[in-house]
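Letter by letter, the chains look like this.
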Amino acid sequence: MTGTDSRPQVDPALVRAAQRGDPIALGDLMDLLAPYVGRICGPIARQDGPDATQETLIVVLRNIGQLRDHAALFGWVRAIAVREAVRVAARAKRLSGDPLEEVAGGADQQLATDVGDVLARLSPEHRAVLVLRDLEGVDETTAGAVLAVPPGTVRSRLHRARQSFRKVWES
Amino acid sequence: MSQDRPVAELDPIRRLRVLARTLPGALHHAEIVLPVPPERVWAVASDLENQLPLLLSTVRSFTVTRAEGDRLRARAVGTLGQRADFEVVLRPGWCLMSSRFVVGAMAATPEGDGTRFGSLGGFRVPGARLLRPVLDALGDRAVRRFAEHPDLRA
Chain E
12 MTGTDSRPQV DPALVRAAQR GDPIALGDLM DLLAPYVGRI CGPIARQDGP DATQETLIVV
72 LRNIGQLRDH AALFGWVRAI AVREAVRVAA RAKRLSGDPL EEVAGGADQQ LATDVGDVLA
132 RLSPEHRAVL VLRDLEGVDE TTAGAVLAVP PGTVRSRLHR ARQSFRKVWE S
Chain H
414 MSQDRPVAEL DPIRRLRVLA RTLPGALHHA EIVLPVPPER VWAVASDLEN QLPLLLSTVR
474 SFTVTRAEGD RLRARAVGTL GQRADFEVVL RPGWCLMSSR FVVGAMAATP EGDGTRFGSL
534 GGFRVPGARL LRPVLDALGD RAVRRFAEHP DLRA
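Chains E and H supply the protein sequences, listed in that same order. Numbers 12 to 182, taken from the numbering used here, label the letters of the first sequence in order. Numbers 414 to 567, taken from the numbering used here, label the letters of the second sequence in order.
Worth flagging that the hints you see were computed from the coordinates, not collected in a lab. Zero decoy hints are in this set.
Residues from chain E shown here face chain H by an in silico Cβ test under 7 Å; the list is partial:
1. Ala45
2. Gln65
3. Leu68
A few chain H residues facing chain E, derived, Cβ under 10 Å:
4. Leu423
5. Arg427
6. Glu500
7. Met510
8. Ala518
Since the structure is predicted, the reported quantities are computational estimates derived from the model, not experimental observations. Beta carbons: idealized from backbone N, C-alpha and C, even for Gly.
Bound-form chain E, shown alone (with noise of 0.2 Å):
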């Protein structure tokens, strides 16, 4: 299932309503993008999810006001989820050393025998990576501007962590 097909329809009334401060419309909003945001800041920050997820609709609704362009919401949520999803993970000081390391060598390959494993070896950057493009079908360039980089970083990042578990696989 990619990104777009997780979306909710979100009625362009309800997000009005909300932009006015109606608490009901803030409630219901929340409602609809909880899980659409879950999916993003769950790979993304792994046990940190729920406080990711949580930072990350507080960021939404505090400045839903300042969306003006209806169809743009989703772009905008998953741009916040996965900024907040990886400041999270970093501020919980589980990222140290270089993790695609780990993964590329190592006797704990063995153990690394699904996709969780996996992507709990990888840096919270390289899981933003790899959710932007290979979850929710982003371009080089949009994932680059999420997560304030060049597209060639992108590029280099997605390529490692392909990498990584291709040898998981093959081990």
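Given chain E's structure and the hints, the job is docking chain H onto it.
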């Protein structure tokens, strides 16, 4: 990757925290951990017609006038006779209530052998910050009264 894609859940207590930090107006937000399971907590909390007048000294009655799925309409009458119509969303572990001037919400999530219960209440009117001391006193008293309910003791 997509088959094993972990999805982060936003439980009701986290939903309440999001609203506490985003709803406009002045809000009182509190959380307590009760030594009983969520079903018992929610059996008390969701009985709005009987519990709200007990918890909030400013409410004389709270009457549900219409119910459709998890959407309710209710009329509150204050101790001075003032009336307010509320839109309510009520489902297990979650309740959000809003009138023209007032907003309220409750949430419950399992925690250990007990339940984390959260409440949120406030005014939607401009300048509501001035009412902050009143709001905090009302909110604290309501949570204290809720925790003292005989059905919520271990």
